[in-house]
Every structure is written in structure tokens, then in C-alpha cells.
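K.L.:
For reference, the chains in residue letters:
2 protein chains.
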Amino acid sequence: MFTFQLQHTDPKSAARAGRIETAHGEIQTPIFMPVGTLGTVKGVHQRELESDIRAQIILGNTYHLYLRPGLEILENAGGLHGFNGWKRPMLTDSGGYQVYSLSAQRKIDEEGVTFRSHIDGSSHTFTPERAIDIQRIIGADIIMAFDECPPYPCDYEYAKNSMELTHRWLDRCVKRMAETGGKYGYEQTLFPIVQGSTYPDLRRKSAETIAAAGQPGNAIGGLSVGEPAEAMYETTDQVCHILPKDKPRYLMGVGTPENILECIALGVDMFDCVLPTRNARHGMLYTSEGIINIKNAKWKDDFSPVDASNPCYASQQYSKAYLRHLMHTKELLGPQIASLHNLSFYLWLVGEARQHIIDGDFASWKEEMVKRVQRRL
Amino acid sequence: MFTFQLQHTDPKSAARAGRIETAHGEIQTPIFMPVGTLGTVKGVHQRELESDIRAQIILGNTYHLYLRPGLEILENAGGLHGFNGWKRPMLTDSGGYQVYSLSAQRKIDEEGVTFRSHIDGSSHTFTPERAIDIQRIIGADIIMAFDECPPYPCDYEYAKNSMELTHRWLDRCVKRMAETGGKYGYEQTLFPIVQGSTYPDLRRKSAETIAAAGQPGNAIGGLSVGEPAEAMYETTDQVCHILPKDKPRYLMGVGTPENILECIALGVDMFDCVLPTRNARHGMLYTSEGIINIKNAKWKDDFSPVDASNPCYASQQYSKAYLRHLMHTKELLGPQIASLHNLSFYLWLVGEARQHIIDGDFASWKEEMVKRVQRRL
Chain W
5 MFTFQLQHTD
15 PKSAARAGRI
25 ETAHGEIQTP
35 IFMPVGTLGT
45 VKGVHQRELE
55 SDIRAQIILG
65 NTYHLYLRPG
75 LEILENAGGL
85 HGFNGWKRPM
95 LTDSGGYQVY
105 SLSAQRKIDE
115 EGVTFRSHID
125 GSSHTFTPER
135 AIDIQRIIGA
145 DIIMAFDECP
155 PYPCDYEYAK
165 NSMELTHRWL
175 DRCVKRMAET
185 GGKYGYEQTL
195 FPIVQGSTYP
205 DLRRKSAETI
215 AAAGQPGNAI
225 GGLSVGEPAE
235 AMYETTDQVC
245 HILPKDKPRY
255 LMGVGTPENI
265 LECIALGVDM
275 FDCVLPTRNA
285 RHGMLYTSEG
295 IINIKNAKWK
305 DDFSPVDASN
315 PCYASQQYSK
325 AYLRHLMHTK
335 ELLGPQIASL
345 HNLSFYLWLV
355 GEARQHIIDG
365 DFASWKEEMV
375 KRVQRRL
Chain X
5 MFTFQLQHTD
15 PKSAARAGRI
25 ETAHGEIQTP
35 IFMPVGTLGT
45 VKGVHQRELE
55 SDIRAQIILG
65 NTYHLYLRPG
75 LEILENAGGL
85 HGFNGWKRPM
95 LTDSGGYQVY
105 SLSAQRKIDE
115 EGVTFRSHID
125 GSSHTFTPER
135 AIDIQRIIGA
145 DIIMAFDECP
155 PYPCDYEYAK
165 NSMELTHRWL
175 DRCVKRMAET
185 GGKYGYEQTL
195 FPIVQGSTYP
205 DLRRKSAETI
215 AAAGQPGNAI
225 GGLSVGEPAE
235 AMYETTDQVC
245 HILPKDKPRY
255 LMGVGTPENI
265 LECIALGVDM
275 FDCVLPTRNA
285 RHGMLYTSEG
295 IINIKNAKWK
305 DDFSPVDASN
315 PCYASQQYSK
325 AYLRHLMHTK
335 ELLGPQIASL
345 HNLSFYLWLV
355 GEARQHIIDG
365 DFASWKEEMV
375 KRVQRRL
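For the record, the sequence lines run as chains W and X. Per this note's numbering, the first sequence runs over residues 5 to 381. Per this note's numbering, the second sequence runs over residues 5 to 381.
The set of hints was computed from the structure by calculation and includes no laboratory data. Quantities reported herein were computed from a predicted structural model and do not represent experimental measurements. Watch out, some of these pointers could steer you wrong.
Identical chains share a label here; the pair holds if one copy fits it or two copies do between them.
As the list claims (entries may be wrong) - Below, computed lysine-lysine pairings styled on BS3-like, alpha-carbon distance capped at 27 Å:
| hint | residue 1 | residue 2 |
| --- | --- | --- |
| 1 | Lys251 | Lys187 |
| 2 | Lys46 | Lys304 |
| 3 | Lys91 | Lys304 |
| 4 | Lys16 | Lys91 |
| 5 | Lys187 | Lys304 |
| 6 | Lys249 | Lys164 |
| 7 | Lys334 | Lys91 |
Please take these sequences and the hints and turn them into a complete structure.
P.N.:
See the structure below:
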């Protein structure tokens with residue numbers, strides 16, 4: 005059921021336009037996936053995700069959903085689709101990253117990771133098998149392999165051992181996937197994850213290992229964890245040359261609009277990041293003309309739309325002055341408007357990228373856009 | 005331009021169905037007006053107010069809007085309609101109540117009230133004339149007279165002096181209204197306010213004074229400030245008998261669903277209250293079957309809609325279990341869903357009341373509904 009069709013390649017870069025088919029529908033790539041950590045994209049209704057933002061796939065988070073609402077409720081609801089009412093494709097990360105970044109007293113060994121909940125201190129163990137089982141229950145169309153995501157910077161020995169552990173865990177994830185079926189009658193697909201920090205030989209080894217696993221799609225992890233943008237681009241470039249062309253490539257946790265444009269040019273098809281929603285809640289707006297800090301005094305009597313070039317309801321309906329007022333008075337509607345706007349912009353951006361790939365002028369458009377989206381307005 | 009047409013009266017109670025016409029459109033009464041204190045109904049987009057909640061008129065708050073965003077911005081925006089994009093009728097309270105309840109170091113004298121801002125401690129003076137001028141700038145279709153709202157309980161002498169001050173201030177409001185015109189080219193209408201605490205002779209005197217002022221609509225203030233429900237009903241009943249039948253009656257700050265039903269039966273046409281939104285943010289849902297505390301464990305695996313009998317998107321789309329999860333995890337979407345639901349229920353309730361008045365069976369329907377809406381589910 006899961007298929008990827010490579011539709012166009014850019015003549016002047018490695019950018020690609022493609023089409024993923026899942027049990028919950030189609031995804032046109034390159035794509036940005038809004039993050040719905042706890043089963044909700046913060047501040048955004050499901051119908052807004054569908055109609056205003058035009059999201060094609062959203063993320064859920066295994067670590068968070070496992071803790072709250074918990075597997076019994078998710079299973080009784082028929083998975084996260086049944087629980088939150090989202091009808092389109094969904095991807096879950098495996099929880100590895102959150103175990104390392106959020107939980108207390110984590111202990112990693114060959115078997116898996118034992119950690120204490122950041123909410124109530126209760127003890128839990130994730131193994132590769134358990135991470136697959138949980139994601140089966142959440143009902144994601146795309147399930148991520150359970151990996152260790154090392155910090156940055158990370159010494160070579162740690163990065164090497166961590167990568168090798170991630171590869172051994174992948175074998176167990178693949179085995180568990182094969183032993184189990186789609187929990188709710190539709191196919192669920194595993195994406196393995198390339199690790200290796202920023203060491204080229206480790207990244208090459210990892211990319212080759214992940215490519216050899218022969219799964220329907222592949223991911224690049226361990227980036228956007230504090231390394232310089234150049235290191236991110238170099239590693240992504242190297243890995244994209246090794247990962248198979250006929251399968252989608254997902255760069256995890258990336259990033260700013262310029263990061264996304266640059267990595268599309270390197271051959272990445274899928275992105276996710278909390279930036280558009282998290283920064284929205286702090287009043288930072290991404291637009292096709294640059295970045296707006298809506299809290300600044302300069303917007304206080306600017307009655308023009310939040311972003312006249314963005315077709316989204318929230319960008320058109322509300323003025324900059326009104327949004328500034330809402331952010332200053334800490335009104336709920338402020339983050340709501342800014343989140344709608346930013347996500348809508350991200351989806352517009354990848355949609356434009358796709359169109360320019362199809363039209364054959366992606367490289368020159370990208371050069372211009374990378375400059376524009378970084379300007380401070 | 006402002007007109008009120010009394011369309012139906014209930015044979016078994018004092019309930020009325022009517023129609024108000026303002027420069028921004030029509031209001032069918034009885035009506036509930038969602039409160040948009042700072043120019044936003046908390047957690048609700050303008051299009052949701054229009055299409056999902058079907059609000060016909062919303063409130064703004066003079067005290068809050070005067071402090072933030074301030075009059076210069078509101079005036080440059082063309083008033084609050086221009087600032088927040090709401091196209092339908094708007095009413096502003098005069099700021100009197102908030103001066104007494106929120107501000108620090110307030111000093112009341114014949115001239116007006118001097119107070120310090122609850123935000124930055126800055127000093128400001130509201131007089132009856134100033135309250136009119138500010139509401140002209142906000143651009144409300146219905147402007148409230150500047151009054152003193154005494155606390156409850158309140159000794160007789162204080163209540164009497166306060167009421168007499170309110171009456172003298174009303175004369176100044178009426179004079180100022182006559183001296184000034186609609187700020188943005190459309191008519192703005194003054195509603196005077198009956199005070200007198202819970203003393204029948206003061207209420208009678210005040211209602212007669214307010215009726216004699218001959219304004220197009222009249223309000224009852226100083227209730228829903230801590231007095232027993234019976235005192236509220238008795239005072240409302242008494243005042244409604246004195247206020248003219250051919251003008252709309254607005255009971256300020258009321259109330260629970262049963263308060264609204266009872267006061268419709270006493271002849272009130274307009275209501276506002278923060279309860280549906282404030283309680284929504286704490287997980288209390290009003291439904292036609294009773295009150296739900298969505299945080300309770302009993303809802304954790306109830307996958308039925310938030311309220312199957314409410315046609316609102318949010319009530320239909322999301323399950324009780326999902327909303328409980330959102331409230332427990334303090335996700336923004338929780339208050340958003342609950343606010344949409346509660347306001348939608350309030351508008352449904354007054355719409356049903358209106359229909360039953362027109363159909364002639366309001367009294368029996370009201371008796372049944374008053375019982376149902378108070379049940380704890």
C-alpha cells in the first residue's frame with residue numbers, strides 16, 4: 005500500500021518532487037509535517053489543519069502519547085486517528101529523542117532504555133520491540149525506528165557506539181514489524197534512521213546500513229541538535245547521496261525556512277519541526293518577505309493584514325496591530341492566529357518549492373527565497 | 005436607526021421575543037452576548053463567532069480597551085470593528101464595573117472616578133463625559149451609561165447615595181451623547197443602567213428614573229455580584245415591571261443557563277456573562293442535559309462527541325475523552341474547544357427560548373430546561 009513515486013528532479017540541484025501514497029491518503033513531496041506532540045497541533049483545530057493550513061500529514065509523539073493519554077485509551081479509540089479525529093496520514097517518532105531530552109534518570113543498555121516520566125517520575129522501559137508495538141497502537145501510517153539520538157557535540161567513540169547500537173536496534177525493529185500486522189487493518193510502514201553525529205565516516209556507514217535495510221522510506225536523525233547549519237547541510241548532502249533515490253527521505257526536526265529550502269535542494273522530501281508553532285507562541289512570524297517579531301512597537305499601528313501574500317484566513321483576516329495587541333495582552337487568540345499563519349506559511353513554502361521543481365526553476369527561486377526568508381522586517 | 009420591535013409575548017410569563025436593528029445589523033432577542041473584554045472572545049476566532057457560535061452581538065470592555073491597545077490605536081483602526089474585524093453589532097460596558105473591581109486606589113467623587121491602572125499603576129480619570137467619548141471612539145453600537153456599581157452586600161445609605169450619583173451621572177451621559185455624534189458615521193445608542201442594590205424602594209426609584217430618561221434601551225446593573233439567586237430574580241422582576249415594554253432590557257453580567265432562562269421569563273431581552281468562556285477554560289461544559297466537568301475520570305474513555313445534541317463543529321467533531329486529555333495536558337486546543345462549545349450552547353439556549361416564546365410554550369419548556377441544565381453529569 006505504501007508507495008513513493010518520484011515525479012520530477014531539478015536539473016540544477018538534487019531537489020525532487022514526488023508522491024507518497026498511504027492508507028490515509030496521498031502526500032505530495034517535498035512536504036512539511038506539523039508537529040502534534042500530544043495528539044494536537046498546539047492552538048489549531050483539525051479542520052484548520054485541513055482547510056487553512058492544508059496539512060497533508062501530521063506528527064504524533066510516541067513518548068508523550070504513551071504517557072498521556074496512555075495506550076489503553078488510544079487503543080480503545082481506534083488509534084490516534086480515532087482519538088483526535090485527524091483523517092489524513094500520520095507519522096510518529098519513536099520516542100527515542102524525547103526519552104533523552106525530557107525524561108529523568110534514563111539508563112541505556114543493549115536491551116533498550118529505562119527512564120522516569122517527566123510528569124510523575126514513574127519508571128518505564130522502551131525497547132525497539134516496545135517502540136514498534138506502541139506505534140502500532142497509536143496507528144501511525146509511518147512508524148519510526150527506535151534509535152539513540154546522541155547530543156552535539158559528541159565524541160567519536162560515543163557517536164560510533166551509539167550508531168552501532170541504533171543499527172542493532174533497527175534489526176529488532178524490522179523483525180518486530182514483520183512479526184506484527186497493521187493494528188487497525190491498514191498498513192503501517194517503518195522508516196529507519198541514519199545516525200553518526202557529524203562524522204563523515206560514521207554517517208557513510210550508517211547511511212549504507214540504513215539503505216541496505218530496504219525499508220520503504222528512510223530518515224536522517226541526529227541533526228538540528230545544535231550543530232552549525234553548514235554541518236547540517238554537509239551531512240544531509242552526504243547522506244542523501246547514499247540513500248536510495250526511489251524512496252522518500254525524511255530529515256527529522258528541521259528547521260527554519262532557509263534550512264528547509266537548502267535541504268530540499270539536497271534531496272530531502274519530508275520535514276518536521278516545532279519552530280513554526282513554538283515561535284508563533286512567542287510572536288515570531290515567518291513570511292515570504294522575512295521574519296516579523298510582532299511584539300515590536302513598529303507594528304502597533306500597522307493595520308495591514310498579518311501577511312497579505314498568505315491566503316490563510318488568519319493571515320488575511322487579522323491586522324498586525326491586532327495580533328500585536330493580542331500577544332501583548334497574552335490573549336489565547338494571539339498564539340492561535342500566529343500558529344495558523346506560520347504553519348500555513350511553511351506549507352505554502354514547500355508547495356511553492358514543489359511547483360518550482362516541477363517547473364524546472366527551483367534552484368534560482370531557492371537562491372532568492374533563502375535570502376528573503378531570513379530578513380528581519 | 006436603532007429600533008426595537010416587540011414580536012411576541014409569552015402568555016404564561018413575561019418572556020418576550022423581539023428584534024433589535026442597529027447600524028451593524030439585526031439582533032434577535034432574547035440574546036446572549038459573548039464577552040470580548042480586550043477585543044477578543046478568548047480562544048475564539050471571529051469567523052467561529054459568526055459561523056459556529058452564531059453570535060449576533062459581542063461585548064467590548066471600555067476599561068480594558070482604553071488601557072490596551074489605547075484610544076489612539078482604536079481610533080486609527082476605525083474603532084474596534086476595524087481593529088478586530090468583527091462585522092456585526094457590538095456593545096461596550098462603560099468601564100465603571102472594572103474600575104471598581106480591578107483598579108487600585110480608586111477615588112470616587114461627584115466629577116467621576118480617578119484610578120490607577122491594574123497593569124502599570126498609571127493614573128487615569130473617567131467621568132461620565134469621558135466614558136461616552138471613549139465608547140464613541142471604540143465605536144460600539146450600544147454604549148452603556150457610566151455608573152457606580154456598588155458591592156453586595158451594601159448598606160442602605162451607600163446604595164442610596166450611589167444610586168443618586170449614578171442618576172446624576174446619567175444626565176451628564178445623555179447630555180454628552182446629544183452633544184456628540186456617531187464617531188464613524190453610524191448611530192451609537194445609549195443604554196442607562198438601573199442601580200439600587202437589592203433595596204426594593206431604591207430599585208423602584210432607579211427604574212422609574214431610568215425609564216423616564218427615555219433612551220432606546222435600558223439595563224439592569226448591580227446584580228450577579230454575589231447576592232442570592234432569589235434576590236436577583238426578585239429585583240429583576242420588580243425592575244422589568246417598571247421599565248418600558250417597548251424597549252429592550254439588558255441584564256448585565258448574568259449568568260448561568262438557569263439564571264438566563266429565569267430572567268427571560270421575567271422579561272429580560274439581553275444578557276452577557278464571562279461564565280461560558282471562563283468556566284470552559286477550567287473544563288466545565290454546559291449542555292442541554294446538564295453540566296460536565298470534563299476533567300473527571302469518568303470521561304477518560306468516553307469517545308462520544310463532546311455534546312451530540314449541539315450542532316457546533318467543536319461539540320460534534322471532538323470526543324469527551326479527547327477534550328479531557330487536552331485539558332489534562334494543558335493544551336491550548338482544550339480551552340478553544342470548550343469555549344466554542346459553551347458559547348454555542350448559550351446561543352442555542354437563547355435561540356430555543358426565542359422559538360418557544362414564538363410557539364407559545366415557553367413557560368413549560370423553561371420549567372423543564374431549568375431542571376436539566378443544573379444537573380451534574
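K.L.:
Hint by hint, say whether it matches the structure.
P.N.:
Cross-check of the supplied hints:
no.	hint	verdict
1	Lys251 with Lys187	within (24 Å within a copy, 63 Å between copies)
2	Lys46 with Lys304	both (26 Å within a copy, 20 Å between copies)
3	Lys91 with Lys304	between (39 Å within a copy, 22 Å between copies)
4	Lys16 with Lys91	neither (36 Å within a copy, 50 Å between copies)
5	Lys187 with Lys304	between (52 Å within a copy, 22 Å between copies)
6	Lys249 with Lys164	within (26 Å within a copy, 84 Å between copies)
7	Lys334 with Lys91	between (32 Å within a copy, 24 Å between copies)
In summary, the one numbered hint that this structure violates is 4.
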